[in-house]
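J.: Protein chains in written order, with the numbering used here: chain A, 144 to 337; chain B, 14 to 231.
Calculated directly from the structure, the hints in this document are not laboratory data. Keep in mind that the hints are not guaranteed to be accurate.
Said to hold, decoys possible - Just a few of them, taken from the derived set where beta-carbon distance is under 10 Å, the chain B residues facing chain A:
| hint | residue |
| --- | --- |
| 1 | Ala45 |
| 2 | Thr73 |
| 3 | Glu80 |
| 4 | Lys84 |
| 5 | Ala119 |
| 6 | Leu155 |
| 7 | Ile156 |
| 8 | Asn188 |
| 9 | Asp192 |
| 10 | Asn198 |
Glycine residues also receive a C-beta, built at the ideal position from the N, C-alpha and C atoms.
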Amino acid sequence: MTDSERHPYVELIAREARRPVQTDPAARARIMTAVRAEALPRSRSSIWERVIAPRSWTLSPMAGSLLAAGLVGIGVLAGALTANRGGRPSVDRATLGAVRPPVSDTIVKFVIVAPNAGKVSLVGDFNDWDETRSPMLRAEKDGLWSVTMPLSAGRHLYAYVVDGAWRTDPSAPVIDDGFGHRNSVKLVAKGSTL
Amino acid sequence: MVPRSLGVAALVAFAIGAAPLAAQYADPYAAALARLDANSRFAIELVMDSARTVGLSDTTLRSRVLEGVQKHASASRIVESVRRKFAFLRTARTMLGQVSNEELDAASAVLEAGAKPAQLQSFKTRQKGREALEAFTIWADLITRGVPGEEASSAITKLWQDGADDATFHSLWNNVQADISQGLNPGAALQNRIRETPQRTVTPASKPPEGQEIQSSR
């Protein structure tokens, strides 16, 4: 639509709107004077306002990854602390009394002859039956594998894992393990050297 | 920047979620339980609660769970094994009264090997400070190696009543084990060796050795 096609009344309004406004040359100076006379707004908002004020952050992928790793690390650390201090096992043992005192006062040497073995480890109730915790070292000759273990006085059940197969100690008493196999028994101190 | 805010919130949530997860895997027992199905976990926790309720230490039962998981036993087998162990521990305490947890554990192993609860009765009355830890260990071993339960029971009980010390029980085991490994019948091996065992009078329990010492399992 062009100007010539408009209604005359509209054209009149448009022409009036286009007419330059005549202002007082001193008006700008007066306005600026009035503005400067006004007190400045407080440049600092309250702490609460700053806390709840929305804001946006930008993170590079590297910073984001570091932040994620840090948060996960905090989570893992908190988890480990929870397990050690407030976890059920600690509470239960504290309540009921541990079977074995926490301080190990006897060094026991475990030895097995396995000349053809490639990997031997010691497992027992003292290392949660975890075959990764107490790997045995092979002597230069004779096929002897050994490891020393600090144990508390009392009765311990154990076995050797020879290339993945669980074996009892031929030089120690045995009992059924409740799973169709056998465990060896080690009595520590109290005058016994089984 | 809503998506980034959401990302940060997700990271925080992940970190919070990782805490119990990390706690679970920092505790080997919890990690072992987590590898079982929900019904088995519930059944095992029931046994643990029962043990605590009757004042038994659950350390042995926890070790049994860990052992079963490490040996790749089925969940049902682990549950059954833990239940059996608890039952034997409770029976052992009924027969022996208040003894150390380790002695209770050793006595329960004797029952688990096949001894009758009444056969523990003779070990209830004892000289102060005397422990039957070694006697129970040898007893369970003899049954496990094939010595008839009655013969093993009467031999160990006789030695105990005669005041045999730990060295005597160990010597007996050593000799019987050697005979069995040479092909002798387990029952006959025990009978032969028990005749050779000297009778002793009851002696006071010796003071445990102090400091560190080296023992060899070989």
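J.: Look at each hint and say if it fits the structure.
T.: To see whether the hints hold, each was checked on the structure:
no.: 1; hint: Ala45; in the structure: 8 Å, holds
no.: 2; hint: Thr73; in the structure: 7 Å, holds
no.: 3; hint: Glu80; in the structure: 5 Å, holds
no.: 4; hint: Lys84; in the structure: 5 Å, holds
no.: 5; hint: Ala119; in the structure: 6 Å, holds
no.: 6; hint: Leu155; in the structure: 9 Å, holds
no.: 7; hint: Ile156; in the structure: 9 Å, holds
no.: 8; hint: Asn188; in the structure: 13 Å, violated
no.: 9; hint: Asp192; in the structure: 14 Å, violated
no.: 10; hint: Asn198; in the structure: 18 Å, violated
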